[in-house]
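Numbers -19 to -1, 1 to 248, taken from mature numbering (1 follows the signal peptide of the UniProt record, and there is no 0), label the letters of the sequence shown in order.
Treat the hints with care, since some could be wrong.
To be verified - Lysine-lysine pairs mimicking DSS-like chemistry, simulated, CA-CA at most 25 Å apart: (1) Lys141 - Lys103; (2) Lys248 - Lys214; (3) Lys61 - Lys100; (4) Lys208 - Lys248.
Rather than coming from a laboratory, the hints here were simulated on the basis of the structure.
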Amino acid sequence: MFRKTIILIFLFVINNLFAQTEETTKSSSAEELAKQLANPVAALISVPFQNNFDFNVGPLDGFRYNLNVQPVIPISINEKWNMISRTIIPIITQSDVTEKGNNETGLGDIAQSIYFSPKEAKNGLVWGVGPVLLLPTATDDVLGLNKWAAGPNALLLKIKGQWTYGGLVNHMWSYAGNGNTDINATFFQPFLTYASKSGASITISSENTQSWDNDIFGGFIGAYYNKVTSFGKQMVQIGAGPKVYYGNNPFNPTWGIRANIILLFPK
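Please put together the full structure from these sequences, using the hints given.
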């Protein structure tokens, strides 16, 4: 009942957002914003609210809802370089995951990425490098790893007409904390986006994590439809799509739904 209530409330909100859309956005600006959103190091301030509904989680077929608040803030360092701050703040509620009948809600571990990226894209190639940090901010032991971790972070993508494709990768090692499991893990995310001139876009993306110390691999592939539009003076992108999981992680869900609401602050 709890999970059904969350889903129905969210779908009601999404439906009303679409119904109230004001078609005042210029096609050219909507297209440009859709392309920038496909680029993780674009010089665009955005605040995504990424809603993840995951079903059949783990051996008990539990349910998990994960809201990731992900502010992206570009900072101009000089005429040639930007520094992009990308923070992921997870707010999690789950049921029947740790034990049948158990419910946990709270903040998860915050991930902080920094990219240093050239302002000029040569031949449509965009890249960025920097550190990634994991902060043990979970309010419940089962919602985080209770470890400090850090490592290198990089991305490479190509912009060609309406298409943007590439990937990002990072690796983290734990160096402090009281958690029982050390972190030695690689994350890899390839993606492909087609952005239309109307501001609509379709993205196919796969997110994968390999834990090397215990040989556990988990990932999913998702396909998402998104649309840049405006509500009054506020530019937003809204969209959703399904996710299908794979790998040998025992706590993988079977499938899920991702729905995004992204506040945009173009210069």
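Quick rundown of the hints versus the structure:
no., hint, verdict
1, Lys141 - Lys103, "11 Å, holds"
2, Lys248 - Lys214, "13 Å, holds"
3, Lys61 - Lys100, "5 Å, holds"
4, Lys208 - Lys248, "19 Å, holds"
Going through the hint list in order, the structure satisfies each hint without exception.
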